[in-house]
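**Q** For reference, the chains in residue letters:
2 protein chains.
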Amino acid sequence: MRYSVFAGGKRLRPILVLAAAEAAGDPAKAAGGGPESLLPAACAVELIHTYSLIHDDLPAFDDDDLRRGKPTSHKVFGEPQAILTGDALQSAAFSLLAGAARDTDAPGPWIDALVELAAAAGSVGMAAGQWLDIEAEGQPIDMVSLEALHAAKTGALLTACVRIGALLAGADDATLERLRAYGRAVCLAFQIVDDILDVEGSVENLGKLPGVDADRDKATYPGLLGLDGARSEARRLRDLALRQIEPLGASARPLALIANFIVDRSQ
Amino acid sequence: MRYSVFAGGKRLRPILVLAAAEAAGDPAKAAGGGPESLLPAACAVELIHTYSLIHDDLPAFDDDDLRRGKPTSHKVFGEPQAILTGDALQSAAFSLLAGAARDTDAPGPWIDALVELAAAAGSVGMAAGQWLDIEAEGQPIDMVSLEALHAAKTGALLTACVRIGALLAGADDATLERLRAYGRAVCLAFQIVDDILDVEGSVENLGKLPGVDADRDKATYPGLLGLDGARSEARRLRDLALRQIEPLGASARPLALIANFIVDRSQ
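Sequences listed follow chains G and W, in order. Numbering-wise (my numbering), the first sequence opens with residue 1 and increments by one. Numbering-wise (my numbering), the second sequence opens with residue 1 and increments by one.
Quick caveat, the hints were computed from the structure, so don't treat them as lab data. Hints may contain errors.
Which chain W residues face chain G? A few, computed with CB under 7 Å, are given here [stated by the list, open to error]:
{"#": "1", "residue": "His55"}
{"#": "2", "residue": "Pro80"}
{"#": "3", "residue": "Ala88"}
{"#": "4", "residue": "Ala92"}
{"#": "5", "residue": "Ser95"}
{"#": "6", "residue": "Asp105"}
{"#": "7", "residue": "Pro107"}
{"#": "8", "residue": "Leu114"}
{"#": "9", "residue": "Val115"}
{"#": "10", "residue": "Ala118"}
{"#": "11", "residue": "Ser123"}
{"#": "12", "residue": "Ile134"}
Reference excerpt, derived from the structure (chain W facing chain G, CB under 7 Å, subset only) [unchecked claim]:
{"#": "13", "residue": "Ala60"}
{"#": "14", "residue": "Val76"}
{"#": "15", "residue": "Glu79"}
{"#": "16", "residue": "Ile83"}
{"#": "17", "residue": "Asp87"}
{"#": "18", "residue": "Gln90"}
{"#": "19", "residue": "Ser91"}
{"#": "20", "residue": "Phe94"}
{"#": "21", "residue": "Ala98"}
{"#": "22", "residue": "Ala101"}
{"#": "23", "residue": "Arg102"}
{"#": "24", "residue": "Ala106"}
{"#": "25", "residue": "Gly122"}
{"#": "26", "residue": "Ala127"}
{"#": "27", "residue": "Gln130"}
{"#": "28", "residue": "Trp131"}
Computed spacing ranges between beta-carbons, pair by pair [as the list claims (entries may be wrong)]:
{"#": "29", "chain 1": "G", "residue 1": "Asp65", "chain 2": "W", "residue 2": "Glu135", "range": "22 to 28 Å"}
{"#": "30", "chain 1": "W", "residue 1": "Asp172", "chain 2": "G", "residue 2": "Gly108", "range": "22 to 28 Å"}
{"#": "31", "chain 1": "G", "residue 1": "Lys70", "chain 2": "W", "residue 2": "Glu137", "range": "22 to 28 Å"}
{"#": "32", "chain 1": "G", "residue 1": "Ala106", "chain 2": "W", "residue 2": "Glu36", "range": "25 to 31 Å"}
All C-beta atoms in this analysis are idealised placements derived from N, C-alpha and C, irrespective of residue type, glycine included.
Kindly produce the complete structure, drawing on both the sequences and the hints.
**A** Okay, here's the thing in structure tokens:
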């Protein structure tokens with residue numbers, strides 16, 4: 001568990017939790033302490049993400065040897081051990097949120113966060129997206145189906161990060177809806193850029209072997225839209241996300257930086 | 001998920017939740033409704049159990065073809081699909097408990113149940129036990145290590161069932177401690193009888209091929225104590241469990257029946 005969690009990574013999901021809380025209201029008030037009281041939520045989403053990477057790298061899935069520039073979990077510890085490591089990381093994520101709910105006088109937002117995370121990880125979220133991804137391999141896929149696949153596979157968890165941060169900061173319904181729309185757009189942009197980097201990237205920047213998805217006949221945005229079309233679609237989604245959070249003012253600046261980072265990143 | 005959850009099984013864990021609640025106090029009061037208000041907890045523990053069976057049957061683990069008399073999940077749906085099915089069942093378990101916590105005015109006991117279940121499933125519970133089990137394969141093992149292995153692999157979840165039922169029924173500390181001791185003893189008895197049945201059993205009764213664990217050089221109680229020694233150890237633990245719950249009176253009768261069933265069962 002430590003090996004994979006501390007192998008690096010962008011920590012995009014925890015940062016989204018913290019930035020959404022900052023944009024939505026007063027993180028210190030609703031979560032029952034300073035901004036550091038949000039850390040159980042920030043860590044929980046990273047544990048779920050790490051578990052999904054470990055399982056996604058397994059021989060039964062993508063059979064990847066490298067992740068974040070280091071040998072994958074099953075390469076180091078063995079296949080059953082990697083499956084168990086992912087399983088235990090999922091439990092640990094819920095353990096963190098449940099512990100935070102237990103240790104506060106106002107557990108309501110933490111319970112909402114638990115509901116969000118369990119839905120985002122499970123059979124209506126990330127796990128469903130992984131399943132669709134397996135079924136789509138080697139099949140022709142249209143734009144609508146590809147968006148549905150990514151909305152589940154990576155979008156559900158990324159959107160949950162934004163919503164969990166907002167819920168813990170006591171956001172009102174209108175702000176929650178703005179952040180949800182921001183989350184949806186940023187998630188799709190994220191996936192498009194992932195696909196572009198997979199075509200363009202080098203092993204140094206990605207920490208994994210580039211071109212693997214295309215080799216495995218996976219549906220990708222550059223495959224559907226061309227490289228230039230994919231790049232302009234990512235920018236369009238970024239601008240849509242920025243418009244959503246503009247009314248939130250200066251407190252939404254970290255979210256704006258994240259949207260720009262996602263489209264401009266090289267890894 | 002439906003295929004494996006509704007493939008049958010003894011439903012021992014949900015029954016333990018309900019029986020412990022009955023033994024510990026007033027299930028209707030603390031869980032905020034009739035005894036049926038305990039069902040999210042009863043179902044959650046069965047979902048965790050089912051997920052663990054699906055992963056345990058995978059080619060990377062025991063590579064079993066049959067479970068509960070039917071082809072295992074990976075045989076029917078494929079290996080990555082079976083991994084995902086287990087992953088999503090774990091999420092679903094926490095989703096049920098979180099939903100129950102959200103839908104009540106007194107979420108405290110449900111949050112305690114979430115804390116219990118996350119700990120029992122994860123790296124200090126079931127997943128740790130599975131890991132120990134892999135590491136122990138083909139190695140000589142002594143009685144103390146074997147008990148530690150089973151206390152984690154099956155004991156943590158069974159004990160959590162008893163404690164979750166008791167917590168939701170508002171048990172006092174003394175009753176919780178009695179039920180914890182009952183749980184520990186019954187769990188070990190359960191595993192010993194599992195090992196005995198694996199040596200003695202027939203494919204009709206077990207729903208899986210008998211003798212598989214011994215063939216794979218797994219540490220077993222009959223291997224350490226002999227068949228007669230293992231049988232008398234199971235009875236000793238049953239009696240110890242019964243003594244713990246005796247002071248609870250008639251409301252603990254279902255727990256007593258379960259302890260007897262566990263030792264006398266033929267499947």
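**Q** Determine for every hint whether it applies to the structure shown.
**A** These are the hints, each one checked on the structure:
1. His55: 6 Å, holds
2. Pro80: 4 Å, holds
3. Ala88: At 4 Å from the nearest chain G Cβ, W/Ala88 passes the 7 Å test, so the hint holds.
4. Ala92: With Cβ-Cβ at 6 Å, under 7 Å, it holds.
5. Ser95: 4 Å, holds
6. Asp105: 11 Å, violated
7. Pro107: 6 Å, holds
8. Leu114: 4 Å, holds
9. Val115: OK, holds: W/Val115 within 7 Å of chain G, min 5 Å.
10. Ala118: 4 Å, holds
11. Ser123: Holds: closest Cβ of chain G sits about 4 Å from W/Ser123, inside 7 Å.
12. Ile134: 5 Å, holds
13. Ala60: It holds, given that the least Cβ distance between W/Ala60 and chain G is near 4 Å, below 7 Å.
14. Val76: W/Val76 check fails; min Cβ-Cβ to chain G is 14 Å, beyond 7 Å.
15. Glu79: 4 Å, holds
16. Ile83: Because about 6 Å separates W/Ile83 from the closest Cβ in chain G, which is inside the 7 Å limit, the hint holds.
17. Asp87: 5 Å, holds
18. Gln90: 5 Å, holds
19. Ser91: It holds, given that the least Cβ distance between W/Ser91 and chain G is near 3 Å, below 7 Å.
20. Phe94: Holds, because the Cβ-Cβ distance from W/Phe94 to chain G comes to roughly 5 Å (cut-off 7 Å).
21. Ala98: Holds. Min distance 4 Å.
22. Ala101: 5 Å, holds
23. Arg102: For W/Arg102, the interface hint holds, since the closest Cβ of chain G sits about 5 Å away, which is under 7 Å.
24. Ala106: Result: violated, 11 Å to nearest chain G Cβ.
25. Gly122: Since chain G brings a Cβ to about 3 Å from W/Gly122, closer than 7 Å, the hint holds.
26. Ala127: This hint holds: W/Ala127 lies near chain G, its Cβ roughly 4 Å from the closest one there, short of 7 Å.
27. Gln130: 5 Å, holds
28. Trp131: Holds: closest Cβ of chain G sits about 5 Å from W/Trp131, inside 7 Å.
29. G/Asp65 - W/Glu135: 22 to 28 Å: 24 Å, holds
30. W/Asp172 - G/Gly108: 22 to 28 Å: 27 Å, holds
31. G/Lys70 - W/Glu137: 22 to 28 Å: The hinted range 22 to 28 Å holds for G/Lys70 and W/Glu137, with Cβ atoms some 27 Å apart.
32. G/Ala106 - W/Glu36: 25 to 31 Å: Given about 29 Å between the Cβ atoms, the range holds.
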